[in-house]
Amino acid sequence: MRNRKLTLSKQNKSFDNKLFFLVIAFVVLGIIAVADVSAPQSLSNYGDKFYLLKQQILSAGIGIVAFFVVSRIKYTFWEKIGTPLFFLSLILLVLVLLQRFGISALGARRWISFGPVNFQPSELVKFTVAIYLAKVAASKKSPLAYFIPLVLIAGLIMLQPDLGTTLVVLVIGFSQIFVADVGLLYVIGAAAAGGLATFLLIIASPYRRARLSTFLESTTDPLGKSYHIRQVLLALGSGGIFGVGFGASRQKYSFLPEASTDSIFAVIAEELGLVGASVIIFLFIFFVIRGLRIAKNAPDKFSSVLAVGISAWIGGQAFLNIGSMVSLVPLTGIPLPFFSYGGSSLVMILSACGILLNISKFTTHEQK
Numbered sequence: 066m067r068n069r070k071l072t073l074s075k076q077n078k079s080f081d082n083k084l085f086f087l088v089i090a091f092v093v094l095g096i097i098a099v100a101d102v103s104a105p106q107s108l109s110n111y112g113d114k115f116y117l118l119k120q121q122i123l124s125a126g127i128g129i130v131a132f133f134v135v136s137r138i139k140y141t142f143w144e145k146i147g148t149p150l151f152f153l154s155l156i157l158l159v160l161v162l163l164q165r166f167g168i169s170a171l172g173a174r175r176w177i178s179f180g181p182v183n184f185q186p187s188e189l190v191k192f193t194v195a196i197y198l199a200k201v202a203a204s205k206k207s208p209l210a211y212f213i214p215l216v217l218i219a220g221l222i223m224l225q226p227d228l229g230t231t232l233v234v235l236v237i238g239f240s241q242i243f244v245a246d247v248g249l250l251y252v253i254g255a256a257a258a259g260g261l262a263t264f265l266l267i268i269a270s271p272y273r274r275a276r277l278s279t280f281l282e283s284t285t286d287p288l289g290k291s292y293h294i295r296q297v298l299l300a301l302g303s304g305g306i307f308g309v310g311f312g313a314s315r316q317k318y319s320f321l322p323e324a325s326t327d328s329i330f331a332v333i334a335e336e337l338g339l340v341g342a343s344v345i346i347f348l349f350i351f352f353v354i355r356g357l358r359i360a361k362n363a364p365d366k367f368s369s370v371l372a373v374g375i376s377a378w379i380g381g382q383a384f385l386n387i388g389s390m391v392s393l394v395p396l397t398g399i400p401l402p403f404f405s406y407g408g409s410s411l412v413m414i415l416s417a418c419g420i421l422l423n424i425s426k427f428t429t430h431e432q433k
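The numbering used here puts the sequence shown at residues 66 to 433.
Hints are supplied without guarantee of correctness; some may be wrong.
[What the hints assert, rightly or not] Under the rule of at most 30 Å between Cα atoms (straight-line distance), these lysine-lysine pairs were calculated in the DSS-like manner:
| id | residue 1 | residue 2 |
| --- | --- | --- |
| 1 | K426 | K139 |
| 2 | K361 | K139 |
| 3 | K366 | K145 |
| 4 | K361 | K205 |
| 5 | K206 | K139 |
| 6 | K426 | K205 |
| 7 | K206 | K361 |
| 8 | K206 | K119 |
[Claimed, not checked] Distance ranges between label pairs, derived from CB positions:
| id | residue 1 | residue 2 | range |
| --- | --- | --- | --- |
| 9 | G312 | L153 | 38 to 46 Å |
| 10 | L224 | K139 | 34 to 42 Å |
| 11 | G305 | G248 | 43 to 51 Å |
| 12 | G254 | G312 | 44 to 52 Å |
| 13 | K139 | L299 | 46 to 54 Å |
Derived from the structure by calculation, the hints contain no laboratory data. All C-beta atoms, glycine included, are put in the ideal place defined by N, C-alpha and C.
The whole structure should be built from the sequences, with the hints applied where relevant.
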């Protein structure tokens with residue numbers, strides 16, 4: 066890989082403008098989507114139809130500040146603190162499992178409360194795993210140095226339990242391992258082991274078995290276990306080509322579960338139709354392309370592998386969310402990046418985008 070010392074003489078005068086404006090567009094579109102979709106839920110649960118919107122705007126503000134601040138910090142800083150960040154993530158994942166610290170909701174422990182603020186450690190984990198594995202790649206350590214931390218993190222997240230986040234972390238990890246010259250046999254073997262472990266975890270959990278059964282037979286039990294996916298498909302079908310019109314969704318009025326979080330793409334497709342949904346998908350594809358182009362031209366192995374991890378994180382999470390909406394994959398409760406309501410997710414994603422933007426300043430030739 067290219068020597069980092071060559072970077073300064075070839076540093077770009079500016080960051081990747083297309084990536085910058087794409088991220089800003091995502092944030093604006095996400096706030097508009099939450100404003101539209103969350104009003105019924107906010108009014109029903111909090112007596113204020115703008116409650117969730119105000120929370121999301123606050124999170125977006127914090128995230129944008131983080132985005133700009135992180136984009137000004139040279140990416141090598143994250144390599145230096147990669148190991149402490151990783152161990153901090155481990156500590157938080159353990160704390161969230163303890164009754165004294167973790168908040169239990171819907172049968173899972175995924176949040177830690179800091180006064181009025183609830184924080185989801187698994188969102189930080191996506192960020193720190195990408196950094197830590199990039200540092201491992203730059204250090205040219207043995208294959209076990211990749212797999213042991215990844216298995217440890219995945220195991221702790223599954224104890225919450227949270228299969229969706231586990232899958233996203235594995236997508237990040239395997240994408241980075243694949244480009245880190247570990248060896249194809251190791252990657253194939255680890256992927257096979259991961260697939261088997263995921264299958265066993267699904268079979269071992271009645272709830273996850275029901276999700277898989279619903280995915281395979283979505284027409285059974287329409288008012289029970291198939292209710293969620295049927296409401297999603299009804300929203301998608303109602304949208305047609307051009308949609309029912311912005312703000313005119315019927316499904317967001319308590320028919321569609323998790324309308325402002327996991328299922329927000331279904332409401333977008335209902336209101337804006339196939340055309341609007343396709344635009345959202347295209348924007349995510351464009352983001353991944355920009356990210357991989359930055360990775361290709363990155364000045365060293367750490368920045369290259371990190372850029373791949375961030376791209377895989379956002380692209381993979383978007384694929385799993387949208388894929389579950391159109392029945393390509395089972396429902397896993399994964400939020401749509403930038404769009405779903407959720408402060409921890411938005412702040413961490415924008416921070417990661419800040420790193421990606423900073424790496425683009427040091428590419429060996431200007432991005433096109």
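Going down the list of hints, with the structure as the test:
{"no.": "1", "hint": "K426 / K139", "result": "9 Å, holds"}
{"no.": "2", "hint": "K361 / K139", "result": "18 Å, holds"}
{"no.": "3", "hint": "K366 / K145", "result": "14 Å, holds"}
{"no.": "4", "hint": "K361 / K205", "result": "18 Å, holds"}
{"no.": "5", "hint": "K206 / K139", "result": "24 Å, holds"}
{"no.": "6", "hint": "K426 / K205", "result": "25 Å, holds"}
{"no.": "7", "hint": "K206 / K361", "result": "21 Å, holds"}
{"no.": "8", "hint": "K206 / K119", "result": "46 Å, violated"}
{"no.": "9", "hint": "G312 / L153: 38 to 46 Å", "result": "42 Å, holds"}
{"no.": "10", "hint": "L224 / K139: 34 to 42 Å", "result": "36 Å, holds"}
{"no.": "11", "hint": "G305 / G248: 43 to 51 Å", "result": "48 Å, holds"}
{"no.": "12", "hint": "G254 / G312: 44 to 52 Å", "result": "50 Å, holds"}
{"no.": "13", "hint": "K139 / L299: 46 to 54 Å", "result": "49 Å, holds"}
Violated hint: 8 only; the structure is consistent with all others.
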